[in-house]
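Order-wise, the sequence lines are chains V and L. Residue 143 in our numbering is what sits at position 143 of the first sequence, and the numbering runs on without skipping anything. Residue 82 in our numbering is what sits at position 82 of the second sequence, and the numbering runs on without skipping anything.
Just so you know, the hints here were simulated from the structure itself, not pulled from any lab data. Since the model is a prediction, treat every value here as computed from it, not as a measurement. C-beta atoms are modelled at their ideal positions from N, C-alpha and C, and glycine is treated no differently. The hints are all genuine.
Part of the chain L face toward chain V, derived, beta carbon under 10 Å: (1) R183; (2) A192; (3) N197; (4) S204; (5) H206; (6) N265.
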Amino acid sequence: MDTPLIRGIGLGRTYGALTALADADFAVMPGEVRGLIGSNGAGKSTLIKILTGAVAPTSGSVEVKGETVRLGDPSEMIRRGVACIYQHSNLAPAMSVMDNIFLGRQPTGRFGRIDRRRQRADAQALMARHGITLDLDAAVGTLPTVKQKEVEILKALALDARVLLMDEPTGWLSAADVVRLHTTIRGLKADGVAIVYISHMLDEIFTVCDTMTIMRDGRVIAEAKVAEMTRPRVIELMVGEKLARDSAAAARVPRRPGGTGEVRLQVRDLTRTNVFRDVSFDLHAGEILCITGLIGSKRTELMHVLFGADRADSGTIEVDGRPVAFGSPREAMAGGIGFVPEDRHRDGLMLGLSMTENLVMATLSRFCRALLLDHRAIAARSTRSIAELAIQPPDGTKAVRLLSGGNQQKVLVGKWLNLGPRVLILDEPTVGVDVGAKAEIYAILRAERDKGAAILVVSSDLEEVMTLADRIAVMVAGRLVAIHDAEAVTMARVVDEIGGAA
Amino acid sequence: MNASIQAFGRRLAPQALPLAILVIVAAFALSEPAFLTPGNLVGIVRQVAITGIMAIAMTFVIMTGGIDLSVGPVLALSGVVTWFSLDAGVPLPLALGVGLALGIAIGMVNGVIVAFAGLPPIIVTLAMLSVVRGSALILGGPDLHSIRGQEAYSFIGSGSVFGIPVSVLIFAAVAIAMVFVQRATPLGLRVAAIGENERAATLSGHRTRLTKLSLYAISGLGAAIAGIVQSSQVHTASATYGEFGTELDVIAAVVLGGTSLMGGNGSIARTVMGVMFLGVMNNGMNILNVPLDIQLIAKGAIIVLSLALGELKS
Numbered sequence: 001m002d003t004p005l006i007r008g009i010g011l012g013r014t015y016g017a018l019t020a021l022a023d024a025d026f027a028v029m030p031g032e033v034r035g036l037i038g039s040n041g042a043g044k045s046t047l048i049k050i051l052t053g054a055v056a057p058t059s060g061s062v063e064v065k066g067e068t069v070r071l072g073d074p075s076e077m078i079r080r081g082v083a084c085i086y087q088h089s090n091l092a093p094a095m096s097v098m099d100n101i102f103l104g105r106q107p108t109g110r111f112g113r114i115d116r117r118r119q120r121a122d123a124q125a126l127m128a129r130h131g132i133t134l135d136l137d138a139a140v141g142t143l144p145t146v147k148q149k150e151v152e153i154l155k156a157l158a159l160d161a162r163v164l165l166m167d168e169p170t171g172w173l174s175a176a177d178v179v180r181l182h183t184t185i186r187g188l189k190a191d192g193v194a195i196v197y198i199s200h201m202l203d204e205i206f207t208v209c210d211t212m213t214i215m216r217d218g219r220v221i222a223e224a225k226v227a228e229m230t231r232p233r234v235i236e237l238m239v240g241e242k243l244a245r246d247s248a249a250a251a252r253v254p255r256r257p258g259g260t261g262e263v264r265l266q267v268r269d270l271t272r273t274n275v276f277r278d279v280s281f282d283l284h285a286g287e288i289l290c291i292t293g294l295i296g297s298k299r300t301e302l303m304h305v306l307f308g309a310d311r312a313d314s315g316t317i318e319v320d321g322r323p324v325a326f327g328s329p330r331e332a333m334a335g336g337i338g339f340v341p342e343d344r345h346r347d348g349l350m351l352g353l354s355m356t357e358n359l360v361m362a363t364l365s366r367f368c369r370a371l372l373l374d375h376r377a378i379a380a381r382s383t384r385s386i387a388e389l390a391i392q393p394p395d396g397t398k399a400v401r402l403l404s405g406g407n408q409q410k411v412l413v414g415k416w417l418n419l420g421p422r423v424l425i426l427d428e429p430t431v432g433v434d435v436g437a438k439a440e441i442y443a444i445l446r447a448e449r450d451k452g453a454a455i456l457v458v459s460s461d462l463e464e465v466m467t468l469a470d471r472i473a474v475m476v477a478g479r480l481v482a483i484h485d486a487e488a489v490t491m492a493r494v495v496d497e498i499g500g501a502a
Numbered sequence: 001m002n003a004s005i006q007a008f009g010r011r012l013a014p015q016a017l018p019l020a021i022l023v024i025v026a027a028f029a030l031s032e033p034a035f036l037t038p039g040n041l042v043g044i045v046r047q048v049a050i051t052g053i054m055a056i057a058m059t060f061v062i063m064t065g066g067i068d069l070s071v072g073p074v075l076a077l078s079g080v081v082t083w084f085s086l087d088a089g090v091p092l093p094l095a096l097g098v099g100l101a102l103g104i105a106i107g108m109v110n111g112v113i114v115a116f117a118g119l120p121p122i123i124v125t126l127a128m129l130s131v132v133r134g135s136a137l138i139l140g141g142p143d144l145h146s147i148r149g150q151e152a153y154s155f156i157g158s159g160s161v162f163g164i165p166v167s168v169l170i171f172a173a174v175a176i177a178m179v180f181v182q183r184a185t186p187l188g189l190r191v192a193a194i195g196e197n198e199r200a201a202t203l204s205g206h207r208t209r210l211t212k213l214s215l216y217a218i219s220g221l222g223a224a225i226a227g228i229v230q231s232s233q234v235h236t237a238s239a240t241y242g243e244f245g246t247e248l249d250v251i252a253a254v255v256l257g258g259t260s261l262m263g264g265n266g267s268i269a270r271t272v273m274g275v276m277f278l279g280v281m282n283n284g285m286n287i288l289n290v291p292l293d294i295q296l297i298a299k300g301a302i303i304v305l306s307l308a309l310g311e312l313k314s
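Using the sequences and the hints, build the whole thing.
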């Protein structure tokens, strides 16, 4: 029992000049549930990718049951019993539970015929052993999310997985389902499975984990037994002295809760059934309002309604004192709303098009003269944006695909600044962006604020919220539970509220 | 060393198609001097004009990840309808207008179903292929309708200006107009944006569904123009023209021009080159008396080969 089931020694990974992970040691014993926590960009996902073989480390080694393994080879890790359950399902929804469990390696009889009887017996034995009950013949797509997670767990166990990596396993689950999943996890633990539980939700870490590893800026900065930790101490470790430094710097930037006092966006009792309800707040000219909360607290869904990509069922939205009901993003834009979406690759940019084309994508009609594109005006606009936002390299003809994440994000922000919206909404504006570009994006947003823009930022990154916000709103499970002046609130208080209703 | 070869390959890749055309032109010219005569060269363009017009008009559709399989029957129906109009004594401009409007209307129906109902383009236009062919047969029956005493109409397909066939001029005009649309109008940029990332285009405030609808209308219009050119070229209209395989030639030309069937990058000018490439191949093989069966096999092999090379470069 002294040999860890899985162990990473001195793991490091660099991407060009960016260090994603440095000198990380990590070990999980049989029957241990280890929480892995850290803010976005702390290096958690890089570590997990190394452990699943999706990525080869640039330094260090991995041992499974004391044996050194070949790195960067997913099939090797699966063979050795390391499985990962991702946040998003990897199941085939139209196929039955049983077929999903054995997908790709069905027990076969003569002539390659699938041995259904043996498959069923194996599946039932597996379920009995781990105390999971599922209808083996149901199509996976018809099951509730928590059951689908169980199917994924069974699928991993059918591969003789002894190490289960679970990435935000409760992201889409209700409170009751979280309890159910935790019961399953305790069963696995009793059976000697080693579990790595990655979550932003401290409540869950404290409920289900035995130990925790805390990461920050690509390093493992603390390991501890959960019983010996307190929540404020964990947060302090997660965000570190950097936050102290940043918030000191941010404190020197005067906060402007309430901005100029002019209400740009007024939201009252906004409700979308079964998503969020009774959301009310004001956003003023000249302020940055950050809405924070857990993943799944429906902040993005709220933004989609404000931007006309979804409809509300009741409640009112006013822009500059005029009631609005946007039926499409196009209408919302005409009504003065700009929206920088969270996923820049999926929703934000045309990666194959040039920087210039992307920068004018939301304002094309302004660059038309007699139905033709005014290429000269477009080039001038692009040159100005590139200079103002310090986009590197300063070459508008370059395809956005070729830029770094931070510069891609600046192009995306620039595209919406060019619209000059009355209200600019940004959803997780610095996800996957390095520290330097983050600071630049903050500076850009502050400059816009000082020019009188009304800015609404959705962010899960508390560090970001504490640095950037003039006011902080907290959303929990579809309700806006509190709004604070950023100056007058402590991080600990915000954290408590974020986790409060869970 | 390897890196410099790759860099060289990258610089060369965009020129691959024009280079390939030059190479085969040179090869055919060496083995059969008659190939290079002005008459033959103009003849090549004349042979590809009909396919070319449709390929140009379909390029935008394919750039957005769509396809239009209904162009063959639309070609036939617009020819038949124009013939009926002329036969009934409708003045030529109006008759042409009816034929063209019909193509646009069919394209719009395709577009509405694809863009607003969200059905897959391949199924929608395949169904439309069947519906339009059936309609053409109801209207025109299986017979050839010969067009007599319509000199102005015949001029479209058979006439020439300064020795250049009118059909070639129409092909050139369509090409120039669409290159212009792609490079100089918002529509061109919008098509590229939708092909790259339709979701992001919608979230940037573009009316992506309306745009897609208009692209299918353009494709339908192209097929109608092709139908009129063809019927006036052969002095007949028939419900059976644009037989099965027409749409495949059109799609092959677009794809040879480097437009991906998955959508995204694409160019009208390169589609024109794709058309010319196929035209030169056909003509050269005819001149060299390559049997038709071998020609078909060679054509298929060349299409796959050139696409494989295109994949290799990316």
